[in-house]
Amino acid sequence: MVKTRGFSKKTYLGDPVNVINLFNRFEVDEIVLLDIGATAKGDGPDLELVESVADECWVPLTYGGGIRSVYDVENLVKTGVEKVVFGSAISSDLTLLTEASKSFGVQCIVGSLDVKRTFFGKRAVVTNNAGFKIKGQVTDRARALEDAGAGEILLQDVSRDGEMKGYDLDLVQMVTEAVSVPVVACGGAGKRADLAGPILDAGASASAAGSLFVFSGEERGVLINFPERKFLEDLLAPAQKSAHRSTPGPTTEPAPMPGLRPPLGNSE
Amino acid sequence: MTICVVNSGVANVRSVVNMVKRHKVLAKIVDAPEELDEASAVILPGVGSYDAAMKRLRSGNLYAALTQAAMERRIPVLGLCLGMQLMAEGSEEGEQPGFGWVPGRFLRLTANAQQKLRVPHMGWNVVGNTDGLELYKGMGEECRFYFDHSYYYPLDAGAEVYGVSHHGLDFAAGFRFENLFGFQFHPEKSHRFGFQLFGNFLAHVEQAI
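Those protein sequences? They're chains A and B, same order as listed.
Using the working numbering, read the first sequence as starting at 419 and increasing by one per residue.
Using the working numbering, read the second sequence as starting at -9 and increasing by one per residue.
Bear in mind the hints are in silico, worked out from the structure with no lab data behind them.
Even for Gly, the Cβ is constructed at its ideal location relative to N, Cα and C.
Do not rely on the hints blindly, as some may be mistaken.
Stated by the list, open to error - Derived lysine-lysine pairs resembling BS3-like cross-links, with alpha carbons at most 27 Å apart:
no., chain 1, residue 1, chain 2, residue 2
1, A, Lys496, B, Lys14
2, B, Lys127, A, Lys648
3, A, Lys496, B, Lys45
4, A, Lys427, A, Lys583
5, B, Lys106, A, Lys609
6, A, Lys520, B, Lys45
7, B, Lys18, A, Lys496
8, A, Lys496, B, Lys11
9, A, Lys648, B, Lys106
10, A, Lys520, B, Lys106
Said to hold, decoys possible - Derived Cβ-Cβ restraints for the label pairs, each shown as a range:
no., chain 1, residue 1, chain 2, residue 2, range
11, B, Lys45, A, Thr429, 44 to 50 Å
12, B, Asn102, A, Ala655, 19 to 25 Å
13, B, Asn51, A, Asn546, 41 to 47 Å
Claimed, not checked - Which stretches of chain A does chain B cover? Using the computed rule of at least three CB atoms under 8 Å from a CB of chain B, they are:
no., stretch
14, 476 to 488
15, 495 to 504
16, 515 to 522
I would like the entire structure built from these sequences, with the hints used as guidance.
Below, the structure is given as structure tokens:
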């Protein structure tokens, strides 16, 4: 498992199954697993790996990387994947995404929208690990993904990937205003407080982060970490969904799941 | 006690089986009608389009066997997400009728830009009105589950509402119709809340045997 910078420089993090196991113990809301080498290899998703990861994962698992056919999607769902991300597979043709959406429903299909600043400072849509540029505006691509049947857009800021200098909230807002499906913002989070911006100020349905949850300190030592629930609830307080609350009952929490004792310590 | 997990075409069967196994109960994935004979209970997970799932279930001869288990033998049945939707009369999503074991139809959620309401309803949400409901026992003051859907069961559609959630409007997070339970969220992906719910369902099945 690696963490990239600008979708290129890679830092080794550890075994994927171990990393996922930790995030699962931290009760993250959702895990997105992207196999960034799969498309180049051309063998499709590594189902064995996905299976071992999915078995450790008691929260929704979204998978992307190397999708070649609707059959790949079917196998992934059977393995325990909740949603499938389409990236390189739809760089020139959205048909595969549409087909998969018809079979599995839009709620299972995620369109990856990777955006990079060009040399002249403009925003360009890229694919295939940012090696390939797609013509047209970012918002056009966002709408095209939604129209083709994506139930969610994963907006990845390639230029800010791994920089830990904050999300590009203008970019996030531009995309959320262009579509009516949920948008997940990814790329740039540098401190935990950054997680609020995309959701509270830019219309995103969720904030995603990599570096923030795997590095610690100036030297970027590898340390898998995740904020406590209370911290996130306070951070996102203005955006809390209203819902029916049952009258307070006995204060028993659900028993911890077997084999999932909470990890020791969780530094800021 | 044998829990049969039905493959409604394409479903997240593995996660469901894992959840049941974690409670030290045997779970089998079934594809053929005769495999249901020994079921103490049936779990019907589901991902995918309504029509595709119903067509698959009808063509594979599971339709009759499932209806017999649900309506004649009256063993407990747990429908999850699309599985819940299939148990009802139908859905705005498709043209195929559902099993019709539970009254009512599923309607489409509407997006609303002003209220920042997006569809699908995707993400963790609170489920309320769970006091005294057997399958939500032991969840503490507030229970949360993961939702990922575009269609919902209205509160007045006929079945007993089993938990309420909100996304633009209040809708049934779950329903109950005698021996039949359905949940719109994914307990198999809802961490300890889901684990607790499965435990409660299995305890219910044990009592029912």
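We went through each hint and held it up to the structure:
About 22 Å separates the Cα atoms of Lys496(A) and Lys14(B), which keeps this hinted pair within 27 Å; it holds. In summary, the hint linking Lys127(B) to Lys648(A) is supported, as the alpha carbons are separated by about 23 Å, within the 27 Å threshold. Among the hinted pairs, Lys496(A) with Lys45(B) is consistent with the structure: their alpha-carbon atoms are about 18 Å apart, no more than 27 Å. Of the supplied pair hints, the one linking Lys427(A) and Lys583(A) holds, its CA atoms being roughly 17 Å apart against a limit of 27 Å.
A hinted pair counts as satisfied when its Cα atoms are at most 27 Å apart, and Lys106(B) with Lys609(A) qualifies at roughly 26 Å. Of the pairs offered as hints, the one joining Lys520(A) and Lys45(B) holds, with about 14 Å between alpha carbons and a cut-off of 27 Å not exceeded. Simply put, Lys18(B) and Lys496(A) have alpha-carbon atoms about 14 Å apart, close enough for the 27 Å limit, and the pair holds. Pair hint Lys496(A) plus Lys11(B) holds up; C-alpha atoms about 17 Å apart against a cutoff of 27 Å.
A threshold of 27 Å between alpha carbons decides the hint, and for Lys648(A) with Lys106(B) the separation of about 24 Å falls inside it, so the pair holds. A threshold of 27 Å between alpha carbons decides the hint, and for Lys520(A) with Lys106(B) the separation of about 26 Å falls inside it, so the pair holds. Separated by about 48 Å at the C-beta atoms, Lys45(B) and Thr429(A) satisfy the suggested range of 44 to 50 Å. The hinted range of 19 to 25 Å is satisfied by Asn102(B) and Ala655(A), whose Cβ atoms lie roughly 22 Å apart.
Against the hinted window of 41 to 47 Å, the Cβ-Cβ separation of Asn51(B) and Asn546(A) comes to about 44 Å, which satisfies the hint. Counting residues of the stretch 476 to 488 of chain A whose beta-carbon sits less than 8 Å from any beta-carbon of chain B gives 4, enough to reach three: the coverage restraint holds. Remark: the stretch 495 to 504 of chain A is confirmed as covered by chain B, as 7 of its residues place a Cβ nearer than 8 Å to a Cβ of that chain, reaching the required three. Under a criterion of three residues with beta carbons nearer than 8 Å to beta carbons of chain B, the stated coverage of the stretch 515 to 522 of chain A is upheld, 3 such residues being counted.
No hint from the list above goes unmet by this structure.
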